Each structure stands twice: as structure tokens, then as C-alpha cells.
Amino acid sequence: MSTHPIKKSTSENGKAVIGYEGYVYTLERKTDVKLIFRCQNRDCKGRCHTNTNSTMDVIVSAPTEHCYASKPDLVPVLELKNKIKLRVPETEESSSTILHSAMRSFPLDTADQLPESETLLRTSRRQHGVGAGNKKFTNNSHKCAASSSLSSGRKKPLFPIEIWNVYDRTVVNLPRSNNSIKGWHNAFTKRVAIVHSTITKLTEKIRREQSKFEVDIAQIRQGQEPKPKKLKYRKLDERIKRLVDDYGNVDLGAYLKRLANQHVCDELPVQHIFLATNCLQRIALRRIVQLPIEDDDPFSSVQLQFQ
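Residue 194 in the working numbering is what sits at position 194 of the sequence shown, and the numbering runs on without skipping anything.
Worth flagging that the hints you see were computed from the coordinates, not collected in a lab.
Check before you lean on any hint, since a few could be wrong.
Said to hold, decoys possible - Below, computed lysine to any residue pairings styled on SDA-like, alpha-carbon distance capped at 20 Å:
hint	residue 1	residue 2
1	K8	G46
2	K190	F213
3	K229	E118
4	K227	K83
5	K230	L202
6	K227	P72
7	K235	V166
8	K235	N261
9	K71	T55
10	K230	I240
11	K241	V171
12	K212	L202
13	K83	P72
These numbers come from a predicted model, not from an experiment.
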């Protein structure tokens, strides 16, 4: 009997999976006296036999030779998945909270073998099943109102244009908003799940969050691509970038109208299309337009107010 530990888990299809000596095996078939596992790599003919009881803690015959070198880094990944699956039935925590807790002890030097976070979250969600979280969501819309000063002089804007102009960021493909930060805040609030948390509990949640960030940073440094934006937002960014790059070659009115149409079609509710089109065109879209400030500009004192 081998002294090497056997790591046990289950596949997405519910089949038994074991990790042994740096290789991962999936159950192939059963007999009256043993369980036969085959290498998870379908190009490899490696096999492993264990005892038939539910513990699968004994290797009854030595594994056959593999066509590739062992990968010990795969075993911690198998342990992580198993830890997530065992944790789900014991708690009512969200999938992301369970994932962050399980990653606290995950070794950073094996982060390159770790699946994407969304894949691990699906592992937890499959254990949860369909719950009360699948409800219809309603989108709250913001009302946009424009007001202008009728005085003869030009009033200084409440927020200088230099502070919130994002023309330069658009040119170099940087985010035009802080939506990603807001998204993290919303997700972290759900993981804390306490309105007025104590310092001790909040510190523990932050430590879990930091553990997940360290794994993400290690994956990026090892060449893994970060999670991409949704397709519709990538296409919107590409269209806006093309329009902004062509800023000096088109008529200003046509340029503003094209930009206004992009935002109306992709970001605003239908009931605000007429209002938004007029607002964005008249205010010259200074968030995305590099316009000089003239003394006789009739819209220089116009300000947007979001309610």
C-alpha cells in the first residue's frame, strides 16, 4: 500500500476524481473488487486502481506510466474545488464569499493552474442549485436635466471641466467611468452581508478579500488574461474610440450627434432618448469632447444634474 496521500473530489458530471502523485484521475469503471480510474488527460493512457469502498483511500495496484511529467500544482486546485463543494451545504453564504474563504490557504506559486474565478463560482452555484436569487431585476434610471444661466456674464461652473473631462482617457483606451470600482463595492457589500459590521468581522472579510486579490495578481503576473468586459460594452468602447479618433476630420455638429447616438442607443432607457439627445448635443458632450472654452460660448455655464 502506497504512503502517498489520495486527494478526492467529484467532477462536474458527478464522477469521482482523485489526485495522486501529481496526476489527476477520473473514474472510468467499477468492478466487484476495485475502482478503475483513468488519467484526466485524454491523450494519456495512465490508469490507477483503488479499493471499492466509498473512502477510496487505498491504491490496490501501482499506477501505469503516463506520457507526460507529473504536475503537483494540480493537486491544490483539486483540494480547493473539493473544499468549495463541501462548504456549500454547510452555509448560507454567497458563492463569492465561499470562494474567498477557500482561497485564504491557497498557495500563490500554483496560481497559474487555477481556473478562472467565474469557473470556480459556477462550481459553488451548482451545489447551491436554483434559489431565491433568480428574481427579476428592475433598472433604475437617472433623470437628466439641463439648465442654463440667462445672465449676461458667464458663471463659473460648479465643477471645472478639467476635473471631469475624459477626452484624453478615451484616446488612450482608459476607462471613462469608475463603474468597475462601484461593482467591487457592491460585491463586497454582499459578501459582508452585515449593515453595521463590527471591526473584528469587517477585518476578517477584508483579509479574505485580500487573499483573493493576491491570487488574481499572481495569475496576471503569470500571463493569465483578466476577466474581459461584456461584449456590448467592448463594442460600445470601440465605436466611441473610432469617433473620438476622427474628431479633427468631421464637422462638430455631426461629431456630437454621432456621440450622442452612441450613448442614447446603448446606455439610456427608451423613455429618455429624446431628452438625452437634446441635452448631449446642446452641451457639446464635454465629457468626451476636447472643446476650447470661449467667452462667448452660450452653453459654457450649462451644467448637468443627475438625480
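Going down the list of hints, with the structure as the test:
no.	hint	result
1	K8 x G46	18 Å, holds
2	K190 x F213	17 Å, holds
3	K229 x E118	13 Å, holds
4	K227 x K83	24 Å, violated
5	K230 x L202	31 Å, violated
6	K227 x P72	26 Å, violated
7	K235 x V166	18 Å, holds
8	K235 x N261	14 Å, holds
9	K71 x T55	24 Å, violated
10	K230 x I240	16 Å, holds
11	K241 x V171	7 Å, holds
12	K212 x L202	16 Å, holds
13	K83 x P72	18 Å, holds
Hint check: violations occur at hints 4, 5, 6, 9; the rest are consistent with the structure.
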